[in-house]
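Undergrad: Okay, here's what each chain looks like letter by letter:
Protein chains: 2
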Amino acid sequence: MEERIIEESEKYRGRIIRVKEYKVVLSNGREAKREVVHHPGAVAILPIDKNGSVFFVKQYRLPARKVLLEIPAGKLDKNEKPEDCAIRELEEEIGYIPKKLCLIHAFFPSPGISDEILYLFEASDLEKTKENPDEDEYLEIITLKRDEIKKALLEGNFEDSKTLIAVYYYLYSRGN
Amino acid sequence: MEERIIEESEKYRGRIIRVKEYKVVLSNGREAKREVVHHPGAVAILPIDKNGSVFFVKQYRLPARKVLLEIPAGKLDKNEKPEDCAIRELEEEIGYIPKKLCLIHAFFPSPGISDEILYLFEASDLEKTKENPDEDEYLEIITLKRDEIKKALLEGNFEDSKTLIAVYYYLYSRGN
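Going line by line, the protein sequences match chains W and X.
Start counting the first sequence at 19; every next residue gets the next number (my numbering).
Start counting the second sequence at 19; every next residue gets the next number (my numbering).
Hints may contain errors.
Remember, identical chains collapse to one label, so a pair may be satisfied in a single copy or spanning two.
What the hints assert, rightly or not - Subject to a maximum C-alpha distance of 25 Å in a straight line, what follows is the list of computed DSS-like cross-link-like pairs (lysine-lysine): (1) Lys-68 with Lys-29; (2) Lys-38 with Lys-51; (3) Lys-38 with Lys-96; (4) Lys-51 with Lys-29; (5) Lys-148 with Lys-29; (6) Lys-41 with Lys-118; (7) Lys-93 with Lys-51; (8) Lys-118 with Lys-29; (9) Lys-41 with Lys-29; (10) Lys-96 with Lys-169; (11) Lys-93 with Lys-29.
Keep in mind the hints are simulated off the structure, nothing from the lab.
Since this is a predicted model, take the numbers as computed values, not measurements.
Taking the hints into account, I'd like the entire structure generated from these sequences.
TA: Printed below as a string of structure tokens:
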């Protein structure tokens, strides 16, 4: 099934992504072209407090042209470990440090076009470190209880892949 | 929270994606730059047979540099309705037409960087139309029962966002 790369050329280099075009040979010997978005990878955090409530953030997403209700997330800095990134982003976005952090899934959000990997963590035993998280983050923090999360899911209020996976994991792993 | 676009320029135009850079004004009046991957959108289908088993496909994904176990999916053709695309892709990939098709979620796989929307459908009342689906699709069809899906999820065999969402939906909506 593998595709063998016989040519590649970089077409775009931005601050975050690069785009390359590849010429590949398929298993039947035919050639094909591929466009790939290279991305540094990211983390997302499902932060659960001692009562079982979850912290979400609302923020404007230019690609979506709207405000989305998401779990906290952020891109990996160069050479940064996913765990360190998760702790940094959680504190930056909601002002808490987790004493417990556990990887739920590592997945490709869009494997047909991008090499982005997203590391999704469950964070618990949360300890408050800042009264007011970074104002530069331009986001609003929302805390939802289990029933509110079920309702928001049914009403279609979660509209991005990492948040849907995190919410289903949360509901599924804690029984119906 | 909204970001107002004051400048945009196209940096790459491929067969599938385009990349644009935007200059935006934030709510506090400061300016920022954004890189956005424009994508035609896609569908994914959770095909459930009369015994409750699910069809998956295995295929090589160049961006991921590996073979992934996914639900059937494909990009929207120009002006194609998501429902029509779901029916077309399902027949192309597994050789079945669904008599029942229902939208589960429409979501952004990667809302920080791309405007791609993925429409996820549940397909049932499946009717076989082809003995051997397109050989050009380069994929292997796998059918998994509920218990096998639970096991594959725990073992980390689902590695992309649409498949994880579909599998959690399937397990969650049918009880633990």
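Undergrad: Now, for every hint given, state plainly whether the structure supports it.
TA: Status of each hint after checking the structure:
Taking identical chains as interchangeable, the C-alpha atoms of Lys-68 and Lys-29 are never at most 25 Å apart, the minima being 48 Å within one chain and 47 Å between chains. Taking identical chains as interchangeable, the C-alpha atoms of Lys-38 and Lys-51 lie at most 25 Å apart whether they share a chain (11 Å) or sit on different chains (21 Å). In the homo-oligomer, the alpha carbons of Lys-38 and Lys-96 lie at most 25 Å apart both inside one protomer (20 Å) and across protomers (23 Å), since each shortest distance falls under that limit. For the homomeric pair Lys-51 and Lys-29, the shortest alpha-carbon distances inside one copy (13 Å) and between copies (19 Å) are both at most 25 Å.
For the homomeric pair Lys-148 and Lys-29, neither the shortest alpha-carbon distance inside one copy (42 Å) nor that between copies (40 Å) is at most 25 Å. For the homomeric pair Lys-41 and Lys-118, neither the shortest alpha-carbon distance inside one copy (44 Å) nor that between copies (39 Å) is at most 25 Å. When the C-alpha separation of Lys-93 and Lys-51 is checked against a cutoff of 25 Å, the pair qualifies only between copies, where the shortest distance is 16 Å, while the shortest distance within a copy is 28 Å. In this homomeric assembly, Lys-118 and Lys-29 never come within 25 Å of each other (Cα to Cα): the closest approach is 42 Å inside a single copy and 42 Å across copies.
Both within a single protomer and between protomers do Lys-41 and Lys-29 lie at most 25 Å apart by alpha-carbon distance, with minima of 13 Å and 21 Å respectively. Taking identical chains as interchangeable, the C-alpha atoms of Lys-96 and Lys-169 are never at most 25 Å apart, the minima being 38 Å within one chain and 34 Å between chains. Both within a single protomer and between protomers do Lys-93 and Lys-29 lie at most 25 Å apart by alpha-carbon distance, with minima of 22 Å and 22 Å respectively.
Of the numbered hints listed earlier, those contradicted by the structure are 1, 5, 6, 8 and 10.
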